[in-house]
Structure formats: C-alpha cells, structure tokens
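Listed below, chain by chain, are the residues.
Protein chains: 2
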Amino acid sequence: MRDKNNPIGVFDSGIGGLTVVKQLIRFLPNENIVYFGDTARVPYGTKSTSTIEKFSVENALFLLRFKVKCIVVACNTSSSIALPLLKDSFKVPVIGVIEPGAREALSATRKSKIGIIGTKATILSKAYEIQLRRLVKAEFLEKQKGLKIVSQSCPLFVPLAEEGWLNDLVTKEVAKRYLDIFKHKNIDTLILGCTHYPLLKNVISSVLGSDVRLVDSAKQCAIEAQRVLYAEGLLNNDKRKGNIEFFVSDEPQKFAASGKKFLGTNINCIKRSSDV
Amino acid sequence: MRDKNNPIGVFDSGIGGLTVVKQLIRFLPNENIVYFGDTARVPYGTKSTSTIEKFSVENALFLLRFKVKCIVVACNTSSSIALPLLKDSFKVPVIGVIEPGAREALSATRKSKIGIIGTKATILSKAYEIQLRRLVKAEFLEKQKGLKIVSQSCPLFVPLAEEGWLNDLVTKEVAKRYLDIFKHKNIDTLILGCTHYPLLKNVISSVLGSDVRLVDSAKQCAIEAQRVLYAEGLLNNDKRKGNIEFFVSDEPQKFAASGKKFLGTNINCIKRSSDV
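For the record, the sequence lines run as chains A and B. Per our numbering, the first sequence starts with residue 1, numbered consecutively. Per our numbering, the second sequence starts with residue 1, numbered consecutively.
The reader is advised that the hints may include incorrect statements.
Identical copies look the same in the list; a pair holds intra-copy or inter-copy alike.
In silico DMTMM-like cross-links for lysine to aspartate or glutamate, where the CA-CA straight-line distance does not exceed 20 Å [stated by the list, open to error]: (1) Lys183 to Glu162; (2) Lys111 to Glu232; (3) Lys120 to Glu251; (4) Lys271 to Glu53; (5) Lys111 to Glu139; (6) Lys126 to Glu53; (7) Lys67 to Glu163; (8) Lys254 to Glu53; (9) Lys113 to Asp180; (10) Lys260 to Glu129; (11) Lys261 to Glu251; (12) Lys239 to Glu129; (13) Lys239 to Glu58; (14) Lys87 to Asp211.
These are computed hints drawn from the structure, not numbers from a lab. These figures come from a predicted structure and were not determined experimentally.
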C-alpha cells in the first residue's frame, strides 16, 4: 500500500545523487526521503549494462523495504541503462534524471545544438540522445528540424573531481581534450550527464566559453518527482519538515565528509547497509 | 584435501593481477591456475578497510570452490588490508604481494631510501612500511640503521592508465605533482604498489630519473608462491603445460580486450561469475 506519508526513495552509485536530494528538499520540503548510495561498488559508469542493471535492481529492492512511494534514480548511469527494467519491474513510479535533463536542455538551447557529456556507459547507451529526439518529436516540434547532438564520454572527470582538483591546470588540460569536439560544433547548451560534473563547472565554462549553457538534471528531476507524486495523489500534506535517512554500502564517515560538498549542508545520521 | 594437481587460485580487484599470472606462468609453467577478477566492484583502493576485507573474503571463498591449493592475492590493496584476515580464516596458504615487493625493494636499494606509491587504502594501511621494517629487522640488519621510507598515494594513476594515457603530457604533469615528494628525499628505489602502475613506468622514470629503480611485486610474488608450494610439498609434477581459467564479475569481453596489455598474450576463455 502506497501512502502519502511514505518516504521518497533515492539511489545513486555513490555520493553525487545528493545534488538531487538537495533539489528535492527545495521543492518538496515536507517529504520524507530515504537515500541509498552504493559507495562500496561505485563507480557504475565503467561497468557493463548487465552489471548496472543488477546493481540498480538491488538498490531499488533495498529502498522498497522502506515502503517508498516512488523511486528517484539520481545516478545518470543507472538512469541511462536501467530505467526501462526498473519501470517494468516495480509497481511504484520510477523517476530518472535523463528525461528531466533533456527537457531542460531543449528549453535552454537557442540554436538547437546540444552537447552531452557523461560516463562511458551513459554515452554508449545514447539515452540522452534518444530522449532529446523523442521530446522534440512529441513536444518541441519547431526545434525538430535542425537538432544537432554531439556526445563525449569524460572518464577522468569523476576521479579528478574526487581528487578535489576542481580549479586546476591539469583538469583544464583534460577538459580541453575531452571538450575539443564541441568547439567546432557550435553548441550553445551542454548537458552535464553525471552528478559529479557540476563540481567542474568553472573549468568546463573556461574551456567552452560562458555563452555555452551548462545543464544539470537535479532541479528538473525534483520538479518531475513533484509532478508524478501530484498526479498519483501521493504528495505529503504534512506541514512539518520531512525526515531524511541516509544509507551507504561502504563506511559512512567518508560519505559524511564529501557529502557536504554535494548537499550543501552537514549530514548527520548515516547508516551502513551491508545487504547490497 | 589439498592435492598437487589442484590449481593455484589468484584474485585481484580487476585486471591488474594478470601481471602476477604472467610471472606464475613463467616460474610455474605446469601449474593450473584459476583467476578471479572482481571487475564489477573495482576499484578497491578508494574503499574502506571493512569493505576491502569483505570483498577479499568473498573472492577467496569463490576460489576455494575450485579446491585451490593456495591463494595468491595479486591486488596490492587487498594484500595491504585483508591478508591477516585471509590467513587467519583459511587453511590453504595465502600469499600476498607486499612482502615479496618489500623484499625486492630492500635488495635493490643502495642508499636505504625507499619510496612507495599506491592507492589511498594501501598507503593508509602502511603495509609496505611495516613489512620493510620487519624484514630489515629480521634479515637485512646491515641496512637497518639508515632506512628511510617515504609514501605517497596516487589516486589518478589507475584512471589515467585505464584511459590509456600512458605516455602523455597530462599523465606526466600528474606524476610530477604526486612524485615531487620523492625528489627531495633522495630515494633510489620506488615500490610500484599497485598492479596498474607498471603501465606508467616510462612517465614515472621520466619524472624521477632513470637512476631510481622501479620495483613491482609480480615476479617476487611468483617466486614466493613457488617457495611456499615447494615447502608444503604441493608443487605440481605434471610435465604438461598448466591450464588457466579466468573468471570475472562483470562482462568478460572488456576483460579480454584490456587483459592482453597485462598478460602479454591473448585471453580466450573467460567466464562470468555472478556469485560475487
């Protein structure tokens, strides 16, 4: 039985999904949230389709034990690969970050030239590309004709962000190589298709120029969750501030320390799940 | 029952342990080998002690199903963290890469000044440092007095090696930062405390100079396995070339492609284990 008071479940391969939690708190402050970060098996972006699907299903099953009323897949890689399987498998609504990100990019672009960066798995899946073309066909007909999409995987961006080299000459040199493909394509909008990439916004903008709009999915994903819960009559009417529980598969201490960067506030109570 | 004809079990967090397999084939060509690479949960070097121990025990249990007569822990991180637990838990001999690497470094150094590079978990564990001091105390008394050890974790080296940027200006710049600490310490020997690092030998040597000897544990680890099996009366007397089976936890195709770099030959039959 799904109930309005049940929590929203959110999972990510690790820590980056906290950017989505931040936006959920902003748009749905009264909702309870259970977050699961698979920090023991992170990263997902270098793994195969079948492994990403397996991990994603296990994460969803973990959240379902808390009787979550919907599942938000905050991880771009999981959203790109496993969303169809999750939607087919589970009764609760499953919300990913791809459609919200694609929607945001389409409303941002003026020249209908959109770039996408992400993990290897995300880029190989072509999930953003498929979603952009689907949305254009369904809703943005006037932009359909000239839509150009260019994709590039950036495997070193996550390790560089985790090393903390955010405004760094090495990171800028790496960004120059990865992003070179976009300079000649005249894009005006770039989808940051991985929750770590907003940490590198400064470097990315310094390479591409400030006129290229950088889009991340977190805000639109929270708005989509709000829309879905409203449509299903599942919005929490409680006037109190929602409660948030954090679970991780590796040790909680490290998550607490780096989590602050993504969530913007301290994270106090983090529990370890040894089940996943 | 352990039998001479039973295979040697080898595990690694992923692919790097194939460098150890290569040396095992060289020194023990008649032995059968079962290799397990935990490619679904790689890397280990950024994870916590308890997670590395859990994964290492699971990997060992997987190998024991093949009635392996000994277990070689080819992964530096697992060897640094989980070797005591594995040795305490299982009856078969367990051989790591730390003691062999430390031994090699001590016989290579002339000035008794040794550097160590590795993953965060390996460096934090101080496993090489403890082993070097233990060996000096037990066997190399004449070098004891002046032994100086300097350690540095290099988190970006594995992603750079996996990106294939082996002889690259970015990699050289990263190496300059990480290795700067050694330049002022006058080391003459550097332990490459991660199975990926030998791929970056050129860059590392170009930064530190060719007079710094680079030591990896693979060869000494194979010699140690030979010694242990001989002492236990478990060397395979078969005159035929040994059989090697490869198992991985993620999809086998990618392992086959990159494995060649580490093993030096093609890898044909790789099976997937979905149990770990």
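Going through the numbered hints above, which ones does this structure break? Give me the numbers in ascending order. Structure breaks hints 1, 2, 7, 10, 12, 13, 14.
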